[in-house]
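Assemble the whole structure, with the sequences as input and the hints as a guide.
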Amino acid sequence: MSIFVNRQTRLVIQGITGRDGSFHAKQMLEYGSAVVAGVTPGRGGQTFEGKVPVFDTVADAVQATGANASVVYVPARFAADAIYEAADAGIRLIVCITEGIPVLDMTRVLPYVRERGGRLIGPNCPGLISPGECKAGIIPGQICRPGRIGVVSRSGTLTYEIIHQLTRHDLGQSTCVGIGGDPIIGTNFIDCLAAFQADPGTDAIVMIGEIGGTDEQEAARYAAQQVRKPVVSFIAGQTAPPGRRMGHAGAIISGSSGTAAEKMSALKAAGVAVMQRPADVVPLLRERVGRA
Amino acid sequence: MNLHEFQARALLKQAGIPVPDGEVARTADDAARIAERLGGPVVVKAQVHAGGRGKAGGVKLAQTPAEARELAQQILGMTIKGLRVNQVLVAPAAEIASESYVGIVVDRSSQRAVLMVSPAGGVDIEEVAATSPEKIFRVGVDPRYGLLPHQAAAMAFRLYRTVELARQAATIMRQLYDAFVSAGASLAEINPLITTPGGQVVALDAKLVVDDNELERRPEIAALRDTEAEAPAEVQAREAGLTYIKLDGKVGCCVNGAGLAMATMDLVKYYGGEPANFLDIGGSSNPQKVVTALQIITADPNVKSILFNIFGGITRCDDVANGIVTATTQFKLDRPLVIRLTGTNEELAVKILKDVGFSALTDMDEAVRRAVELAREAA
Numbered sequence: 001m002s003i004f005v006n007r008q009t010r011l012v013i014q015g016i017t018g019r020d021g022s023f024h025a026k027q028m029l030e031y032g033s034a035v036v037a038g039v040t041p042g043r044g045g046q047t048f049e050g051k052v053p054v055f056d057t058v059a060d061a062v063q064a065t066g067a068n069a070s071v072v073y074v075p076a077r078f079a080a081d082a083i084y085e086a087a088d089a090g091i092r093l094i095v096c097i098t099e100g101i102p103v104l105d106m107t108r109v110l111p112y113v114r115e116r117g118g119r120l121i122g123p124n125c126p127g128l129i130s131p132g133e134c135k136a137g138i139i140p141g142q143i144c145r146p147g148r149i150g151v152v153s154r155s156g157t158l159t160y161e162i163i164h165q166l167t168r169h170d171l172g173q174s175t176c177v178g179i180g181g182d183p184i185i186g187t188n189f190i191d192c193l194a195a196f197q198a199d200p201g202t203d204a205i206v207m208i209g210e211i212g213g214t215d216e217q218e219a220a221r222y223a224a225q226q227v228r229k230p231v232v233s234f235i236a237g238q239t240a241p242p243g244r245r246m247g248h249a250g251a252i253i254s255g256s257s258g259t260a261a262e263k264m265s266a267l268k269a270a271g272v273a274v275m276q277r278p279a280d281v282v283p284l285l286r287e288r289v290g291r292a
Numbered sequence: 001m002n003l004h005e006f007q008a009r010a011l012l013k014q015a016g017i018p019v020p021d022g023e024v025a026r027t028a029d030d031a032a033r034i035a036e037r038l039g040g041p042v043v044v045k046a047q048v049h050a051g052g053r054g055k056a057g058g059v060k061l062a063q064t065p066a067e068a069r070e071l072a073q074q075i076l077g078m079t080i081k082g083l084r085v086n087q088v089l090v091a092p093a094a095e096i097a098s099e100s101y102v103g104i105v106v107d108r109s110s111q112r113a114v115l116m117v118s119p120a121g122g123v124d125i126e127e128v129a130a131t132s133p134e135k136i137f138r139v140g141v142d143p144r145y146g147l148l149p150h151q152a153a154a155m156a157f158r159l160y161r162t163v164e165l166a167r168q169a170a171t172i173m174r175q176l177y178d179a180f181v182s183a184g185a186s187l188a189e190i191n192p193l194i195t196t197p198g199g200q201v202v203a204l205d206a207k208l209v210v211d212d213n214e215l216e217r218r219p220e221i222a223a224l225r226d227t228e229a230e231a232p233a234e235v236q237a238r239e240a241g242l243t244y245i246k247l248d249g250k251v252g253c254c255v256n257g258a259g260l261a262m263a264t265m266d267l268v269k270y271y272g273g274e275p276a277n278f279l280d281i282g283g284s285s286n287p288q289k290v291v292t293a294l295q296i297i298t299a300d301p302n303v304k305s306i307l308f309n310i311f312g313g314i315t316r317c318d319d320v321a322n323g324i325v326t327a328t329t330q331f332k333l334d335r336p337l338v339i340r341l342t343g344t345n346e347e348l349a350v351k352i353l354k355d356v357g358f359s360a361l362t363d364m365d366e367a368v369r370r371a372v373e374l375a376r377e378a379a
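From first to last, the protein sequence lines stand for chains A and B.
Position 137 of the first sequence, counting from 1, maps to 137 under our numbering, and the rest follow consecutively.
Position 213 of the second sequence, counting from 1, maps to 213 under our numbering, and the rest follow consecutively.
None of these hints come from the bench; they were simulated from the model.
Treat the hints with care, since some could be wrong.
[What the hints assert, rightly or not] Cross-link-like lysine to any residue pairs, in silico, SDA-like; alpha carbons within 25 Å at most:
| hint | chain 1 | residue 1 | chain 2 | residue 2 |
| --- | --- | --- | --- | --- |
| 1 | B | LYS269 | A | ALA224 |
| 2 | B | LYS55 | A | GLY255 |
| 3 | B | LYS81 | B | GLU23 |
| 4 | B | LYS13 | B | GLU214 |
[Unchecked claim] So the derived list for chain B, only partly shown, Cβ under 7 Å to chain A, looks like this:
| hint | residue |
| --- | --- |
| 5 | GLU95 |
| 6 | VAL106 |
| 7 | ASP107 |
| 8 | ARG112 |
| 9 | VAL128 |
| 10 | PRO143 |
| 11 | ASN213 |
| 12 | GLY257 |
| 13 | GLY259 |
| 14 | TYR270 |
| 15 | PHE278 |
[To be verified] If you want the footprint, here are the derived chain A segments under chain B, 3+ residues with CB under 8 Å:
| hint | segment |
| --- | --- |
| 16 | 90 to 104 |
| 17 | 151 to 158 |
| 18 | 246 to 255 |
All C-beta atoms, glycine included, are put in the ideal place defined by N, C-alpha and C.
Here's what the structure looks like:
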């Protein structure tokens with residue numbers, strides 16, 4: 001079992017003929033994801049890798065192939081419109097990998113997607129993977145294995161690091177979700193905690209946050225009230241200086257708020273186990289999964 | 001990207017907001033000339049991307065053009081929070097009857113722009129939020145409709161009791177929202193918004209922070225970037241497509257991915273060291289990026305050891321290894337290097353490094369511990 005993507009997920013790749021889109025579409029196909037369509041305006045009628053039909057519009061792709069989820073790789077300048085287009089075509093799960101979409105654009109995109117019943121994951125995220133079922137994005141498939149740990153993170157490579165530790169110690173994953181490093185994102189920690197709590201295939205949750213904003217603090221309160229499954233967490237940026245954007249657009253301590261210390265204490269107060277370093281993930285989970 | 005006060009003032013003025021006269025000067029003589037033209041007492045304000053300019057002595061009042069020259073002389077070339085002052089704003093000293101705060105920020109939780117106002121102006125709004133939060137009023141703005149007249153009016157009445165003042169303030173708030181949107185800002189602030197004894201509402205100071213992701217489609221805003229006012233290493237990094245932030249420790253860090261880079265710095269601290277920097281070489285790193293990264297890290301004299309932490313996904317470990325090897329042929333690496341690589345093309349990378357006498361580790365903790373030890377031994 002898993003959340004958001006599974007064997008029934010039929011992916012359309014927006015920007016499938018671009019440099020990043022084509023590279024990752026190939027990887028998704030190799031992984032065994034059902035990539036049923038691609039979209040690049042002007043390339044309709046072509047075939048990608050000899051098997052995936054390419055369309056001019058998402059609506060055409062949905063009509064011809066029954067695609068029900070999209071992965072967006074189009075460049076930042078066109079990415080907001082690509083998300084609007086997917087929402088208008090009735091796509092319910094839109095995963096936006098693209099980095100660099102202006103925040104004010106996202107304030108318009110998100111209500112639009114939600115009003116049409118869609119869910120956006122990202123932007124500026126590595127996407128998600130339900131090991132053995134579906135990979136929608138860029139998380140390397142070979143570091144994952146099927147299992148019962150849910151992973152949710154604002155980061156990319158740090159998530160890989162932690163997934164890698166889990167897999168090496170035989171802790172497989174139900175789904176790993178990268179929610180993205182931007183200040184405004186479509187799916188947050190609480191959305192993922194709720195989905196993992198409801199998923200019978202998930203026994204415990206790993207939550208990887210970082211400095212900036214209050215999403216982790218709000219998730220901590222939610223976990224205390226609504227999540228029965230063990231949650232272990234890591235917060236990156238304990239040594240980050242205030243007022244500086246640490247790579248991710250959303251990773252910034254504003255004044256004295258959004259610090260790692262503040263997030264870690266909110267999580268501890270909510271009964272969430274907090275790692276001191278990524279390598280703690282395995283022992284902390286073993287203690288709790290054994291007990292659950 | 002941060003704008004200077006004089007740049008933010010110009011954008012606010014363009015939006016129709018009343019802003020006092022004033023000009024920017026790069027020399028003391030220019031400052032005197034501007035003061036002469038303005039007549040009467042002036043303020044001389046350092047234009048630098050750092051808060052707390054006043055406390056640092058970067059804002060001074062001058063009664064005469066001669067005094068303005070003298071003060072500008074002192075302020076130009078001052079260093080505030082590590083940044084050299086190259087320009088001063090010379091503006092008429094205003095008569096102030098009251099001071100308020102007006103700001104617009106993108107609020108992450110409600111996922112929209114929020115207008116914030118407070119009658120406690122002229123001080124750091126963070127301080128007000130901490131000590132008297134009841135003095136801050138907020139309203140969320142629906143991006144489809146913008147700041148509505150009644151929303152602005154309601155906020156304006158939080159600041160002023162008379163209709164005359166409230167009307168002016170409400171108009172300014174709507175103009176500020178327009179300036180915020182058209183600049184692609186993530187923050188727009190007037191602090192203080194003052195009233196004069198004659199009953200005029202005026203923006204005395206202005207602050208704009210522009211979302212970096214907006215710059216590509218707003219070349220006129222991008223052109224306002226003042227690279228002179230930034231740390232040279234950070235400019236060099238940005239031009240190479242890297243993100244670099246200098247810190248004060250001894251362990252230089254070179255990592256792929258922002259989250260992993262922060263976690264690496266934290267682990268340096270965990271093992272008793274201090275990171276010298278944040279450096280993210282990004283996703284699809286070509287060898288040249290790695291060379292530039294090493295140039296930047298080694299240019300910091302505090303660095304005693306250099307730590308690479310690479311988790312290969314899209315980033316190929318062999319690209320990073322080739323970058324390290326190329327760097328060694330271009331300049332002398334005079335400080336010890338600890339390399340941790342795992343993931344895509346790891347074996348190939350290990351071989352490339354081995355051929356030139358480097359070894360690589362696969363465990364992050366082991367690599368960080370080793371780099372901290374080496375930095376300590378060198379100190």
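Hints, verified against the model:
{"no.": "1", "hint": "B:LYS269 to A:ALA224", "in the structure": "violated (30 Å)"}
{"no.": "2", "hint": "B:LYS55 to A:GLY255", "in the structure": "holds (17 Å)"}
{"no.": "3", "hint": "B:LYS81 to B:GLU23", "in the structure": "holds (24 Å)"}
{"no.": "4", "hint": "B:LYS13 to B:GLU214", "in the structure": "holds (21 Å)"}
{"no.": "5", "hint": "GLU95", "in the structure": "violated (31 Å)"}
{"no.": "6", "hint": "VAL106", "in the structure": "holds (5 Å)"}
{"no.": "7", "hint": "ASP107", "in the structure": "violated (9 Å)"}
{"no.": "8", "hint": "ARG112", "in the structure": "holds (5 Å)"}
{"no.": "9", "hint": "VAL128", "in the structure": "violated (11 Å)"}
{"no.": "10", "hint": "PRO143", "in the structure": "holds (5 Å)"}
{"no.": "11", "hint": "ASN213", "in the structure": "holds (4 Å)"}
{"no.": "12", "hint": "GLY257", "in the structure": "holds (3 Å)"}
{"no.": "13", "hint": "GLY259", "in the structure": "holds (3 Å)"}
{"no.": "14", "hint": "TYR270", "in the structure": "holds (5 Å)"}
{"no.": "15", "hint": "PHE278", "in the structure": "holds (6 Å)"}
{"no.": "16", "hint": "90 to 104", "in the structure": "holds (count 5)"}
{"no.": "17", "hint": "151 to 158", "in the structure": "holds (count 6)"}
{"no.": "18", "hint": "246 to 255", "in the structure": "holds (count 7)"}
Checked against the numbered hints given earlier, this structure breaks hints 1, 5, 7 and 9; the rest are met.
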